[in-house]
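**Student:** Sequence:
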Amino acid sequence: MVARKRFAGFKGFAGFKGFAGFKGFAGFKGFAGFKWRTPRIDVTLSWKIAAIGGLLVVLNLAINQGTWGFGTVFSAVAAVLIVACAPRWPVAMGLSYVLLFVGVSGLEGWRSAIVVLWSALLVAMVSYAGRWRFAVGLAAVLVYISTTSMFTGIFVPQDFAGVGILVFLMAAGVGTGRLVRSEKLRQEETERLMAAELHNHREAMVSTLHDSVATTLTSVVMRAETLGLQCEPGPTRDTAELIADEARQAMQEVRHLIQVSKSADTTDDIPISRSISEQMAVTTRLLQSHGFRVTLAIDDSLKNLMFPPEMAQVFAELATNAVKYATPQSEVQLVVRATPKGCRCELANQIGEFSRDMALSSGIGLKRLHALLSPSGSRYSRQIIDGRWQAVIEVPSKALRR
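According to the working numbering, the stretch in the sequence shown is residues 1 to 402, in order.
Read the hints as simulated data drawn from the structure, not as lab findings. Hints are not guaranteed to be accurate.
What the hints assert, rightly or not - Here are the simulated lysine-lysine pairs, DSSO-like style, with alpha carbons at most 27 Å apart:
| no. | residue 1 | residue 2 |
| --- | --- | --- |
| 1 | 341 | 398 |
| 2 | 303 | 341 |
| 3 | 398 | 303 |
| 4 | 48 | 184 |
Sequences are here, hints too, so could you generate the full structure?
**Tutor:** Structure below.
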């Protein structure tokens with residue numbers, strides 16, 4: 001009866017001093033260089049443990065009204081918090097629980113069944129975190145502390161039935177933790193293999209689509225060039241040449257899209273290989289195909305520099321806007337000149353009779369245009385001078401690539 005009372009009340013702890021050999025377990029620190037393969041720890045797991053433990057503390061308070069003092073509540077709450085944090089910091093929380101056991105074994109008014117029973121859950125969490133060897137040593141220390149008493153000079157366990165129960169609970173905790181951990185790792189490995197298979201399937205599909213699109217666009221280029229050769233010089237021939245050039249550019253941009261899709265971890269934009277002179281040539285052909293006379297002027301120092309990726313869309317919108325709202329057959333001026341801070345691009349055209357003031361043809365709007373230019377630090381402005389609409393884009397030198 002005395003031994004059972006001691007086991008139930010945690011009076012025991014004599015042998016921990018004799019267990020000074022545990023100090024030698026500091027060699028476990030040598031495992032720090034070992035890369036543990038630990039499953040992803042869900043933060044909600046700690047919250048669930050804390051919630052269940054809090055509920056148990058409340059139920060014990062309701063059942064044992066008047067018998068639980070401040071020390072008992074404190075030790076129970078501390079045990080719950082330590083176990084809740086064990087998946088994240090298994091070694092630190094394991095040592096903290098040992099200190100809690102030592103304190104509770106010396107303070108009779110702080111003892112509770114929660115502290116004893118949750119030790120099994122603690123070793124399960126430590127084992128789940130990958131430290132199963134440490135969990136075994138921790139379980140042995142906790143069993144020894146709970147069945148001996150340093151304060152009464154008892155260094156050998158006397159209640160072997162209680163020892164057996166605790167050993168069973170601890171073994172179940174370590175085994176369950178390892179089993180759940182291995183299952184979790186197996187599930188994560190399956191997810192990784194499925195993700196890799198999906199990635200390979202996507203790459204194969206993208207490659208197939210690229211081949212199909214490239215074949216179709218090549219056919220468009222050949223048909224457009226054939227049509228251009230069969231037509232007399234004029235708008236129709238210019239339009240056919242423009243279609244061929246745009247189809248070639250589309251193939252280049254499809255390759256760019258594939259490059260971006262294969263670089264999932266790359267956050268920086270991969271620039272489309274279109275120089276300032278190439279961009280101005282594309283814009284000029286688009287305007288000329290609609291009957292406009294284009295005057296183009298580019299500083300020699302800028303011709304081989306690369307525009308930011310978004311400039312292709314910006315100039316397409318500005319050119320389309322000019323086609324829609326400028327006076328038919330009028331002159332459109334394209335000027336790109338160097339400035340101390342970068343370059344200045346101007347597109348000016350005569351406003352037609354039914355023009356719309358400051359509106360882009362695709363409905364992108366000025367706010368969207370500013371949003372396209374802001375990542376590169378470029379600025380857009382517009383004004384009307386003597387009946388001519390003038391759009392100005394200022395590109396900083398840091399956004400121009402060679």
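**Student:** Each hint should be assessed against the structure and marked as holding or not.
**Tutor:** Hint check results:
1. With a C-alpha separation of about 9 Å, the suggested pair residue 341 and residue 398 falls inside the 27 Å cut-off, and the hint holds.
2. The straight-line distance between the Cα atoms of residue 303 and residue 341 is roughly 16 Å, inside the 27 Å bound, and the hint therefore holds.
3. Restraint check for residue 398 and residue 303: satisfied, since their Cα atoms lie roughly 16 Å apart, inside the 27 Å limit.
4. At roughly 18 Å between alpha-carbon atoms, residue 48 and residue 184 fall within 27 Å of each other, so this suggested pair holds.
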